[in-house]
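*Asks:* Residue numbers (our numbering), protein chains in the order written: chain A, 1 to 354; chain B, 1 to 354.
Be a bit skeptical, because a hint or two may be false.
Where chains are identical, the list cannot tell them apart; a pair therefore holds if satisfied intra-copy or between any two copies.
What the hints assert, rightly or not - Each computed SDA-like pair below joins lysine to any residue, with the alpha-carbon atoms no more than 20 Å apart: (1) Lys-177 x Glu-303; (2) Lys-230 x Val-187; (3) Lys-299 x His-175; (4) Lys-162 x Glu-96; (5) Lys-281 x Ala-259; (6) Lys-167 x Arg-341; (7) Lys-177 x Lys-299; (8) Lys-278 x Gln-262; (9) Lys-162 x Gly-97; (10) Lys-278 x Gly-213; (11) Lys-167 x Val-304; (12) Lys-281 x Gln-218; (13) Lys-277 x Tyr-221; (14) Lys-281 x Gly-320; (15) Lys-167 x Lys-299; (16) Lys-277 x Gln-218; (17) Lys-120 x Gly-89; (18) Lys-299 x Gln-311.
To be clear, the hints were calculated from the coordinates, so they are not data collected in a lab.
Number of protein chains: 2
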Amino acid sequence: MSVNKSNRFLKALLREPVDRTPVWIMRQAGRYLPEYRQTRAQAGSFLELCKNPKLATEVTLQPLQRFPQLDAAILFSDILTIPDAMGLGLTFQENEGPVFQRPISHRQDILDLPKLDIAKDLDYVLNAVESIRSALDNRVPLIGFSGSPWTLATYMVEGRGKVGFEKIKQLAYEHPKDLSLLLDKLVEAVADYLNAQISKGAQVVQIFDTWGGILSTQAYYDFSLNPMAKIIEQLEVNSQGDKVPVILFTKGGGSWLEAMAQTGADALGLDWTVDIKKAKKSVGNRVALQGNLDPSILKYNSEVVRQQTRQVLDDFTSDGSNIGHIFNLGHGITPEINPQRVNDMLNEVAQETP
Amino acid sequence: MSVNKSNRFLKALLREPVDRTPVWIMRQAGRYLPEYRQTRAQAGSFLELCKNPKLATEVTLQPLQRFPQLDAAILFSDILTIPDAMGLGLTFQENEGPVFQRPISHRQDILDLPKLDIAKDLDYVLNAVESIRSALDNRVPLIGFSGSPWTLATYMVEGRGKVGFEKIKQLAYEHPKDLSLLLDKLVEAVADYLNAQISKGAQVVQIFDTWGGILSTQAYYDFSLNPMAKIIEQLEVNSQGDKVPVILFTKGGGSWLEAMAQTGADALGLDWTVDIKKAKKSVGNRVALQGNLDPSILKYNSEVVRQQTRQVLDDFTSDGSNIGHIFNLGHGITPEINPQRVNDMLNEVAQETP
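Generate coordinates for the entire structure from the input sequences, incorporating the hints supplied.
*Replies:* Structural data, given as structure tokens:
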């Protein structure tokens with residue numbers, strides 16, 4: 001049996017009728033789960049966990065084992081695997097997040113970036129995709145993903161996770177040709193990377209654009225959206241010859257949903273500041289919408305969690321239709337969350353009366 | 001001669017024809033100006049500068065002396081004067097920003113907040129308004145301002161400028177009645193405060209909602225927009241019996257412009273992520289729009305500054321009309337900016353061919 005025909009997540013992505021709104025959680029395999037913290041301790045570090053297909057498979061499946069309400073799995077990996085494979089030397093430091101040992105400083109650094117051979121340079125990711133697909137046994141679809149070219153470029157130029165955007169904006173405004181060169185290289189790498197994930201079994205792909213939302217409109221179109229659109233154009237069908245749905249998520253991108261809906265994406269991720277009712281009206285039937293509960297809601301009590309979850313569902317269906325909604329948080333779940341609150345949220349979605 | 005009849009800033013706020021787009025800069029009297037740094041050193045601290053009407057007048061006028069292109073002055077003060085007057089003990093600490101010595105922790109703290117007598121408790125602000133109006137001698141209009149109730153509540157509950165929003169969101173979601181009580185008290189105080197500024201000569205008022213943009217849509221309406229709308233309802237005419245234009249600025253509020261336009265505000269401030277072209281279409285002729293150059297643009301070279309300034313102007317007039325635009329940054333100007341780049345930006349606005 002192929003998962004493709006019956007899964008409500010895939011149906012919602014294609015704007016087909018569903019029995020109830022599907023749900024998954026950004027960063028659902030993460031530190032808020034005690035079982036994750038145990039496996040991570042075993043792996044040594046976050047990066048070693050990403051690079052170990054067996055353990056990456058284990059943590060990918062953990063939230064599904066705990067929460068049967070979930071309708072999708074997402075590859076356990078990091079958005080910065082591509083710059084790491086390009087030789088920038090990714091490390092994770094306490095209270096600092098990602099740090100590159102060799103960030104991009106000059107035009108020559110951009111010229112020197114190698115063209116990746118994904119099958120070789122990022123074999124651990126592709127092995128994880130295969131291993132997870134096999135372990136999932138078609139229970140739910142697997143989402144592959146990558147950072148967007150703009151987001152990758154931001155980290156590569158700023159050099160660390162706590163970014164102030166000084167360097168990347170200087171590149172954008174004072175040396176736009178150098179930035180274009182970098183973005184072109186990243187478009188190629190990300191397209192190859194997502195196609196490799198698709199060929200190994202990813203059934204949906206999401207492009208995470210963490211930093212597009214710090215840009216002005218024209219800069220967003222030029223530096224973030226346009227490169228993402230080029231990637232979508234280059235995505236290939238899967239081994240069954242089917243097109244794989246693409247989700248675009250720009251955090252802080254609420255102003256640009258109509259333009260995002262014209263890229264060929266199948267769904268748009270919405271952060272929690274977006275009015276999902278208005279978003280639905282503005283994108284019409286061109287794309288599905290994913291989101292958008294404020295992740296901080298999960299810090300509060302059961303009643304708040306259920307009421308706020310209900311609000312998102314009700315807002316989406318206020319025009320009488322639940323077609324094209326994938327419930328999710330408006331950003332990744334944070335480490336301090338009590339898994340019981342996640343269960344409350346998922347129960348509220350799963351008990352939905354259509 | 002009354003400034004009211006001829007000033008292009010006031011005309012633009014009322015959506016009347018102007019000879020060119022008016023311009024002012026959020027935080028235009030600030031640390032990027034060497035003359036400001038000198039006066040501030042003389043005052044001792046930022047707060048002492050705010051509390052000294054003579055020196056506050058001096059710094060308010062400095063940018064106008066340097067940049068004749070500016071079309072408005074803004075009262076030199078801080079958004080946290082109200083909680084300070086309520087007894088929370090405002091201080092400013094190096095690398096930390098505002099810190100309250102006695103933040104709000106319990107319901108009783110909210111109940112204990114005194115009703116302000118603005119004329120007495122914030123006399124230094126009213127004296128500054130009078131002193132600045134006199135020094136301006138109707139050259140340009142004076143903007144008065146306050147923080148929004150939600151923004152003030154956020155600082156009062158979090159206790160410091162580097163906020164994580166944990167405590168204020170807990171109050172909002174787990175103790176909404178306590179938050180309502182706090183917001184009601186702040187609505188009253190802010191309305192009284194702005195009315196007092198108007199009675200002393202403020203010709204326009206702006207409500208700064210720095211933190212509304214971290215909320216979900218319904219929470220924004222309940223906790224940020226609705227209290228601001230209540231304030232607008234309570235604003236009184238000036239001593240000539242004229243209504244004073246109100247500008248609402250929610251940073252990160254691009255999703256909610258249509259609702260903001262229905263509060264009775266005359267103009268909406270836009271941060272730089274908002275598509276001003278789309279914003280204009282969505283609010284129609286109900287309000288003027290103020291903004292929205294990315295403030296970080298001023299870090300780059302003259303050519304970039306002029307080109308990006310031109311882009312904002314062109315985006316606004318792409319439908320053939322410059323009516324209802326006040327040029328500004330999308331957020332306050334930052335201390336490291338070279339005043340020469342500000343001049344470049346202002347020249348580009350002033351040389352506009354209508």
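*Asks:* Could you check the structure against the hints above and give me the numbers of any it violates, in ascending order?
*Replies:* none
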